[in-house]
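Peer 1: Numbering of the sequence shown is given in this note's numbering, commencing with residue 1 and proceeding in unit increments.
What the hints contain is simulated information worked out from the structure, not anything from laboratory work.
All residues carry an ideal CB built from backbone N, CA and C; glycine is no exception.
Treat the hints loosely; a few may be bogus.
Stated by the list, open to error - Simulated restraints on C-beta separations:
(1) Arg40 - Gly198: 38 to 46 Å
(2) Gln77 - Lys14: 37 to 45 Å
(3) Glu179 - Glu11: 35 to 43 Å
(4) Gln88 - Thr234: 27 to 35 Å
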Amino acid sequence: MIYISHLVKDEEMKEIIARTGLGIESIEFSVAENLDNLARSLRTYQKRLEFMECRELILHGPFLDLNPMAYDTLVVQATRTRYEQAYQAAGELGAKKLILHSGFIPSVYFLTGWADRMADFYKRFLDDKDDSVEILMENVMDPLPEPLREVMEKVSHPSFGICLDIGHANCFSRTDCTEWAETLFPYIRHLHIHDNPGDRDRHQALGDGTVPYGQVLDMFRDRTEVSCTIECSTEENICKSFSQLQNRHFY
Numbered sequence: 001m002i003y004i005s006h007l008v009k010d011e012e013m014k015e016i017i018a019r020t021g022l023g024i025e026s027i028e029f030s031v032a033e034n035l036d037n038l039a040r041s042l043r044t045y046q047k048r049l050e051f052m053e054c055r056e057l058i059l060h061g062p063f064l065d066l067n068p069m070a071y072d073t074l075v076v077q078a079t080r081t082r083y084e085q086a087y088q089a090a091g092e093l094g095a096k097k098l099i100l101h102s103g104f105i106p107s108v109y110f111l112t113g114w115a116d117r118m119a120d121f122y123k124r125f126l127d128d129k130d131d132s133v134e135i136l137m138e139n140v141m142d143p144l145p146e147p148l149r150e151v152m153e154k155v156s157h158p159s160f161g162i163c164l165d166i167g168h169a170n171c172f173s174r175t176d177c178t179e180w181a182e183t184l185f186p187y188i189r190h191l192h193i194h195d196n197p198g199d200r201d202r203h204q205a206l207g208d209g210t211v212p213y214g215q216v217l218d219m220f221r222d223r224t225e226v227s228c229t230i231e232c233s234t235e236e237n238i239c240k241s242f243s244q245l246q247n248r249h250f251y
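Modelling step: build the complete structure from the supplied sequences, incorporating the hints.
Peer 2: What follows is the structure in C-alpha cells.
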C-alpha cells in the first residue's frame with residue numbers, strides 16, 4: 001500500500017486520492033495543540049477524512065520537544081503522554097500504523113547506552129499494547145543503522161518495527177541507503193519516500209536528488225507487507241514520485 005503525507009491542502013489530497021487510490025499518512029496528531037484537544041481534533045479530522053474520501057490511514061506521531069531516551073524524567077513522561085494520545089487517535093480513526101521519530105540528535109546525545117534507553121522506553125510503552133496498530137520507529141538524524149537494529153533486537157513485540165526514511169538516511173548519514181536497508185531489513189515495515197542531493201532534508205520528488213531509491217525499492221519487491229509513504233509537499237512532486245514507484249512496480 002502506498003500513502004501520501006498530508007502536506008498539501010485537503011482539496012489536492014482528495015483529487016490525488018480519487019486519481020490514484022492512495023492512502024493518507026496524517027500529520028494532524030503530531031501537533032501538540034491537536035493532542036491537547038484530542039476529542040475535538042478527532043471529530044474534525046474524521047470529517048476531513050470523509051471529504052478526502054480516505055481509503056486507508058496511518059498516523060505520524062508527535063516529535064517536537066519530545067525524546068523517548070531523554071535523561072530528564074519529565075521529558076520522558078511528556079513523551080509517553082503524547083505517544084499515548086497519538087496511539088489513542090490511531091485506534092479511534094482506524095489507522096494501521098503509528099510512526100514515531102527515533103529522537104537521536106548528533107552532538108547532543110551519545111550512542112553509548114542509547115539503544116538500552118530506547119529499548120527500556122518502548123518495552124514500557126508497548127507493555128499494554130496489542131497488535132492492532134503497528135508502532136514504527138523512524139530514523140531522522142541517526143548517523144548509523146546499527147543502533148536502531150539493536151533496539152529492535154532488545155524489544156520483542158509483534159507490533160514494533162522500523163520505518164526507514166531513505167531521504168533522511170541520504171542527507172543525515174554517511175552510510176549509503178542500501179546499507180541502511182540491508183542492516184534493518186528484517187525489521188522494516190514501512191518506507192518514507194522522498195529525495196534530496198545529500199545536503200539537507202528537502203523532501204523533493206524521487207529522481208530529483210541522489211537517493212538510490214531504485215536499489216532500495218527493489219530490495220522490497222517481494223515483501224508485499226512493506227508499505228510506503230510519499231513525503232513530498234507539492235502535488236506535482238507527489239505525482240512525479242508516484243509515477244516513479246509505478247515504473248518500479250512498487251504498489
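Peer 1: Go ahead and decide if the range 38 to 46 Å is satisfied by the Cβ distance of Arg40 to Gly198.
Peer 2: 41 Å, holds
Peer 1: That 37 to 45 Å hint for Gln77 and Lys14 (C-beta), does it hold up?
Peer 2: Check passed, 39 Å falls within 37 to 45 Å.
Peer 1: A range of 27 to 35 Å was offered for this pair. Does it hold for the Cβ distance of Gln88 and Thr234?
Peer 2: At 31 Å between Cβs, range holds.
Peer 1: Is the distance from the Cβ of Glu179 to the Cβ of Glu11 consistent with 35 to 43 Å?
Peer 2: 40 Å, holds
Hint check: no violations occur; every hint is consistent with the structure.
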